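Asks: Protein chains in written order, with our numbering: chain V, 1 to 116; chain D, 1 to 111.
I should point out that these hints are in silico values taken from the structure, not numbers from a laboratory.
Predicted model only: the values in this text are computed from it and were never measured.
Idealized CB from N, CA, C, for every residue including glycine.
Honestly, I wouldn't trust all of these hints.
Just a sample of chain D residues kept apart from chain V, beta carbon distances all over 10 Å, derived [what the hints assert, rightly or not]:
#1 P79
#2 L99
#3 F101
In silico SDA-like cross-links for lysine to any residue, where the CA-CA straight-line distance does not exceed 25 Å [unchecked claim]:
#4 V:K41 x D:E88
#5 D:K61 x D:N75
#6 V:K20 x D:G41
#7 D:K49 x V:Q42
Counterexamples of contact, computed for chain V against chain D with all Cβ distances above 10 Å [unchecked claim]:
#8 S15
#9 K20
#10 F28
#11 F34
#12 G53
#13 K66
#14 E104
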Amino acid sequence: GAVVSQHPSRVICKSGTSVKIECRSLDFQATTMFWYRQFPKQSLMLMATSNEGSKATYEQGVEKDKFLINHASLTLSTLTVTSAHPEDSSFYICSASSGGASHEQFFGPGTRLTVL
Amino acid sequence: AQSVSQHNHHVILSEAASLELGCNYSYGGTVNLFWYVQYPGQHLQLLLKYFSGDPLVKGIKGFEAEFIKSKFSFNLRKPSVQWSDTAEYFCAVRGYSTLTFGKGTMLLVSP
Numbered sequence: 001g002a003v004v005s006q007h008p009s010r011v012i013c014k015s016g017t018s019v020k021i022e023c024r025s026l027d028f029q030a031t032t033m034f035w036y037r038q039f040p041k042q043s044l045m046l047m048a049t050s051n052e053g054s055k056a057t058y059e060q061g062v063e064k065d066k067f068l069i070n071h072a073s074l075t076l077s078t079l080t081v082t083s084a085h086p087e088d089s090s091f092y093i094c095s096a097s098s099g100g101a102s103h104e105q106f107f108g109p110g111t112r113l114t115v116l
Numbered sequence: 001a002q003s004v005s006q007h008n009h010h011v012i013l014s015e016a017a018s019l020e021l022g023c024n025y026s027y028g029g030t031v032n033l034f035w036y037v038q039y040p041g042q043h044l045q046l047l048l049k050y051f052s053g054d055p056l057v058k059g060i061k062g063f064e065a066e067f068i069k070s071k072f073s074f075n076l077r078k079p080s081v082q083w084s085d086t087a088e089y090f091c092a093v094r095g096y097s098t099l100t101f102g103k104g105t106m107l108l109v110s111p
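Kindly produce the complete structure, drawing on both the sequences and the hints.
Replies: See the structure below:
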């Protein structure tokens, strides 16, 4: 199947700093990318959906100014957590689809963010 | 809004035992249904999916799931589990456009 990578796999930062997480589709063009957040023992919660070249669509309750998403190319999307706080500590997972929201999504390995 | 409920948070089985993981969803329209697996330290992988047609769906590694529309269920089954099936299993439903996941079931298979 298609491969999606995330970088970094783990990041620890100080409160108030910004952190950028990259999501790449390695062997296919991802017209749509999704960002999820997973709390311990909870399900994946969709944060936003982004289509290449357009603004991301955020789910209700997700602050778009705090979680900046850029999908500038068909193989790369970035999530920037701005002015991170300890409550932003979580596991962030991206997925990518080549044909829009109705096609199969391929998931990245996730990024563990810890904000001190 | 769509939602997904997985019945068990943890399941412990011995090798060769049969497995059934429950999944119920709520959504008023046509749905696509999925089971994903996450092995320790690895990313989510698709086990099987149902879009339409035969409600009994066969996936990879001997897994199957049955869509019962009247019960809003999509239970995952495997007749004989192996130690290598130890993983977390997520049921997911897609209604209009977005995937909604259940909370997951952690399966531990003892040798």
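Asks: So, for every hint listed, does it hold in this structure?
Replies: Evaluated hints:
| no. | hint | result |
| --- | --- | --- |
| 1 | P79 | holds (25 Å) |
| 2 | L99 | violated (7 Å) |
| 3 | F101 | violated (4 Å) |
| 4 | V:K41 x D:E88 | holds (11 Å) |
| 5 | D:K61 x D:N75 | holds (16 Å) |
| 6 | V:K20 x D:G41 | holds (22 Å) |
| 7 | D:K49 x V:Q42 | holds (22 Å) |
| 8 | S15 | holds (28 Å) |
| 9 | K20 | holds (20 Å) |
| 10 | F28 | holds (15 Å) |
| 11 | F34 | violated (8 Å) |
| 12 | G53 | holds (19 Å) |
| 13 | K66 | holds (20 Å) |
| 14 | E104 | violated (6 Å) |
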